Structures are given as structure tokens and as C-alpha cells.
Amino acid sequence: MRGPRNRVIIPVTILLSLATPTLRSLPWGAYLPDPWLLLLLVTIPVKIGSLGRATFLVFLFGALRSAVSVVSPFSSWASLGGALAFRWWSHRHLSDDRILPRFLVGGASTLPMFFLDWRASELLGLGLPLEIFLWRSFWVATLWALLRTPPSLNARRELAI
Amino acid sequence: MYHQPDAERARRVLSLIGLLGVFALLAWWPQPRLDAFSRSLVSPLTRTLNPLAGWLVGDSLRAAPSLSSLPASLDRLEEAIGKPSNISGFRWLSVPVLERGPHSLVLDSGSLSGLASGQIAVFGKVCLGRLGKVEENRAELQLWTASGERTGVLLPSRRGPLKSVCYGRGKEKPIVRFVESRDEPIADLPVLWRSKAEDPPSLMEPGLELGILRRMGDSRRGEDHWVVEATRPAGAEGRVFIAVGALPSQMPPTPKPTSSPLYPSLALDAVLGPQVGSVRIFNSSNPVAVMVSGRVVGPILCHSGGIAWVVRRSVDSWAEDSIAFDPIRHVLRPGEEAEPKDRLFSRGSQVFPRGLFLGNRGQASLPLAGNLQGITMPLREEQE
Numbered sequence: 009m010r011g012p013r014n015r016v017i018i019p020v021t022i023l024l025s026l027a028t029p030t031l032r033s034l035p036w037g038a039y040l041p042d043p044w045l046l047l048l049l050v051t052i053p054v055k056i057g058s059l060g061r062a063t064f065l066v067f068l069f070g071a072l073r074s075a076v077s078v079v080s081p082f083s084s085w086a087s088l089g090g091a092l093a094f095r096w097w098s099h100r101h102l103s104d105d106r107i108l109p110r111f112l113v114g115g116a117s118t119l120p121m122f123f124l125d126w127r128a129s130e131l132l133g134l135g136l137p138l139e140i141f142l143w144r145s146f147w148v149a150t151l152w153a154l155l156r157t158p159p160s161l162n163a164r165r166e167l168a169i
Numbered sequence: 043m044y045h046q047p048d049a050e051r052a053r054r055v056l057s058l059i060g061l062l063g064v065f066a067l068l069a070w071w072p073q074p075r076l077d078a079f080s081r082s083l084v085s086p087l088t089r090t091l092n093p094l095a096g097w098l099v100g101d102s103l104r105a106a107p108s109l110s111s112l113p114a115s116l117d118r119l120e121e122a123i124g125k126p127s128n129i130s131g132f133r134w135l136s137v138p139v140l141e142r143g144p145h146s147l148v149l150d151s152g153s154l155s156g157l158a159s160g161q162i163a164v165f166g167k168v169c170l171g172r173l174g175k176v177e178e179n180r181a182e183l184q185l186w187t188a189s190g191e192r193t194g195v196l197l198p199s200r201r202g203p204l205k206s207v208c209y210g211r212g213k214e215k216p217i218v219r220f221v222e223s224r225d226e227p228i229a230d231l232p233v234l235w236r237s238k239a240e241d242p243p244s245l246m247e248p249g250l251e252l253g254i255l256r257r258m259g260d261s262r263r264g265e266d267h268w269v270v271e272a273t274r275p276a277g278a279e280g281r282v283f284i285a286v287g288a289l290p291s292q293m294p295p296t297p298k299p300t301s302s303p304l305y306p307s308l309a310l311d312a313v314l315g316p317q318v319g320s321v322r323i324f325n326s327s328n329p330v331a332v333m334v335s336g337r338v339v340g341p342i343l344c345h346s347g348g349i350a351w352v353v354r355r356s357v358d359s360w361a362e363d364s365i366a367f368d369p370i371r372h373v374l375r376p377g378e379e380a381e382p383k384d385r386l387f388s389r390g391s392q393v394f395p396r397g398l399f400l401g402n403r404g405q406a407s408l409p410l411a412g413n414l415q416g417i418t419m420p421l422r423e424e425q426e
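Protein chains in written order, with my numbering: chain D, 9 to 169; chain W, 43 to 426.
No lab work stands behind these hints: they were computed from the structure.
In this text, all values refer to a predicted model and were calculated from it rather than measured experimentally.
Just so you know, even glycine gets a beta-carbon here, dropped at the ideal spot from N, CA and C.
Take these hints with a grain of salt, some might be off.
Listed below are several chain D residues computed to face chain W (Cβ distance under 10 Å; list not exhaustive) [what the hints assert, rightly or not]: (1) Ile52; (2) Pro53; (3) Val78; (4) Gly90; (5) His99; (6) Arg100; (7) Leu102; (8) Asp105; (9) Ala128.
To be clear about the criterion: a stretch of chain W counts as covered by chain D if any three or more of its residues have a C-beta under 8 Å from a C-beta of chain D, and this derived list gives those stretches [said to hold, decoys possible]: (10) 48-55; (11) 81-95; (12) 309-318.
Construct the entire structure; sequences and hints are all you get.
Structure follows, in C-alpha cells:
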């Protein structure tokens, strides 16, 4: 499973890296979630099986992100690696069978990127509005909450049937 | 599947979390050398993906900027505005400023151009101070406001100018001492520079000003004192005029910033959006700014694999780093005090050239399109 999955993930990430500037140029592009973060959260399970694979993907995604952005590779690596660590930590403390806790887990995983991207914007004197970063975090958290159908909803459906 | 022992896995997890912490610290407080190193690691990817991503973005953000009339160069404006009126027996030598400090300026000429210690430096009608240490091609101008500097002054009064001495106090306003007792000075009027006994008398002819006289403290309690609110013309940061007996036959050329062509790569940043873009550099130059149609697009932030990242700045965002020229009143003023219709030029620093045209106040940032030029810092003697 490990080999083929990486063989799919890497080209997809490269294509996504090429398309992201185009997506950002759309009218609402600035508010779209960070694609590398989203893909990393989907690719790496909460309970990380292989540390080596997770580390490899964090460094690869961070490098691809910095190839199309002025944001430093350190910032990208810290944001993406921090996202996995925050997600794992928050997941341990919150139940994952309801949408709201899953939303909170998704939100927690965006915290490192939220602060580091905002800091990069401040350091460059861009003064980007905080709402942009809030909306990006919100979309990541929402998608994380909806990506897997919570067991509680499944149970309700079964009852309804 | 092989499972590592728990202790070994915990050690690896902690090591990785520690590494992430270090990365986060380096992202929050960037270290230029480590930052450049990390960018060099990803430079093969940058070199390949950046132009491709730029090609996908297409021309939607690349409308070439319209050409507007360019003003005269800042050098010429400083020459025209700052040259004092003629005085008998002297010529005014125009000298560019190399570095500026809060209490001194380093000038780009020295004894080979006829400069000598003790000569006075002027911009327009304002006296700036006297030359201190003079080398062959460098001279230090000690501003009269510098701590410990003594300057003879004439204070305004109803019975004619009162002789006095002014002491520089660094960050504090210079204080006036030993005021002639025949009359009371009048506050809020200009203070004139007074020559020393060894100075040629003709230097008093233009009536050089130092600043405005102010009364500080409570006079009812006898705690008042006189200070001078110093005037430092904005143009004096780029050029000063020294009174010399004769002009040198040949002045050393002033180093100018050089330009080289750049090519648009990515019109907007994938994380930070359209305020940041990238350009490709095909030669060995190390540009610090990007210009198009004679106007600055923005400063270059960093290089990586032949790709340079540029911040597109609006004209108003340069405020503190600019000099404003008022084309109606024909005056130069600091960028923070710029008024509508003023034309802004870069103020210059150790890492950014002075005198680049930024645009008219209120103008938006330029797109990274058209014939882009990379501006490189002028090479000084010690760098050549």
C-alpha cells in the first residue's frame, strides 16, 4: 500500500502546487484553504503509523509550498508538521464521533499555519487582514469535520432505515 | 509489519517535535543566513515549478502599466533646490551623501575635491554643520545638533540680532547659552548661524538659518530656557553644499545604481496573494529592487534558484522610506509629510538606492509585467 499511495500523492501534490497560484488569483481565492495542509491531513492518519513516511511528506509538501511562495521553508515545515502534532494531541482529548469535536480537532491542526502565515505577512509588511487566515482555518476545520461521516450519523441513518 | 519498541518511537517523536519547534522559532524570528540556506535546499523545485505555475496563472494579472511622465531625477532636484545663493570669493561644491546618521553624515568627497576640516555645509538657506575628519575621498559632516557641538548663533530681538552660543545635545533640542543681555530674544522666529573669528566674513552674507527659537519651561518660576528646534531639510540627506575657494578641475564620478533585465515568473504568491510575485534572473547580478517604466514596483526580498521574490508596494506604503517632491511649491519634504500630487522618490539606505522614482502619491502598486529592470546597488570603491 505504501509505495503506490506515495506514487499517487506526490504527482497530485505537484499538480496542486502548480494550480494553487491560479486558484488564489480567483476573486475568492485568498480565502481558500491551504491545499498542502488539507492534503497532508487527508493523507496521514491521526494515529501515525510510519513516522518516516509522515516526516517525508511534511518535508516534501513544505518544499513544494515554498517553491511557489515567498514563505520560508522553515515556516512551511513547522506549519505542516505542527498541524499533525496539534491534530494528534487534540484528537486524544476530544471524541471524534461528532461533527463539532471533529471541527475543533481540524481547527486545532490549523493553528501553527494560522500564526506562522500571519507572522510572515507581518514581517513582509503586507498587513493582510486576519479574516483571510481565519477563513482558511475555518474551511480546513469544516472539511476535516465533514470528510468522514461520523459513526453517530451512521447509526442514526441505520435507525431511520 | 515491523514495530519499533515504544521507547525508541517516543524518542523519535520527541526529536521531531523538537525539530519542528526550532523551525517554528526560525519562522517567527528569521535568521537571514539560515533562511537563505533553507531556500537553497528547495531551489531546484523553485526553479522548475515557479515559472510553470506562473505560466498557468496566465496574463490575467499582467496588464502592462501605462507610461506616465517621469519627473527630473532626485539628484537634479536636490541640486536645484539646495544650492545656496552665491557669496563673494567662494564657490559651492555639491557633494553627495554616502551614509546618514542621527548626528553626522558621511560625504562622498574628500580632500582630493578640496574639502577640509572646519568647512561649513549648507542645504538651501540652512546651515547643517562643519566638516570633521576629512580623508582623500570621504569626509564626515558633524551636524551642529550633535552632542557637545558649539555653534555661534544670532537670536531675533527687537533691537537687532543678539549674539549667543548654542550647544548640541544629541537627541534633545540644542540649548542656547550666554545670550547678550541688551534685549530679550523673541520666540518662534528663525535663528541665524554666526561665523567664528577665523571664518571668512563673506560666509555671513546668505544669512544661513539653523532652526526656530523656542522658549521652554515656566518663566514665572524662573525655570525657562531657550532651545532651537533644528531644521534638517529632506534634501540634505542626499546632497550638501560646501563653500570652497575653487572648484576642483575634475570631480570623481558619483556611483550610480545599475540596471539589468528581469523576466516575470509568477504574478502572485500561492500563500500571501497578489502583493507578492516572483521574477527570473538570468545573469549574475544581485538586484535589490524591480522597476518598470521608470517606476519602482517593489523591493526584492530574497533569491532562490534564479528566482527573486518581489513585494509590490503602493506609493503611499513607502512613506517613511521616501522623499516627496512638491512640483507646485518646488520643495522636497520627508515622505511622511507628503501631500496629494507629490512625487515620491526612494530615501535610500545601506541596502536600497536613493533617488528611485516610486510614483505619485496615491498611486496603486504596479503589476510585474512589461520590461522589468532589476536595480543593483551602486559599487563603491571599497567593494570594487
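Consistency of the hints with the structure:
1. Ile52: For D:Ile52, the interface hint is violated, since the closest Cβ of chain W sits about 13 Å away, which is over 10 Å.
2. Pro53: 14 Å, violated
3. Val78: Holds. Min distance 4 Å.
4. Gly90: 6 Å, holds
5. His99: 15 Å, violated
6. Arg100: Violated - the Cβ of D:Arg100 stays beyond 10 Å from chain W, reaching only about 13 Å at its closest.
7. Leu102: Interface hint status for D:Leu102: violated (20 Å vs cutoff 10 Å).
8. Asp105: With Cβ-Cβ at 26 Å, over 10 Å, it is violated.
9. Ala128: OK, holds: D:Ala128 within 10 Å of chain W, min 7 Å.
10. 48-55: holds (count 3)
11. 81-95: Satisfied; 10 residues make the cut.
12. 309-318: holds (count 10)
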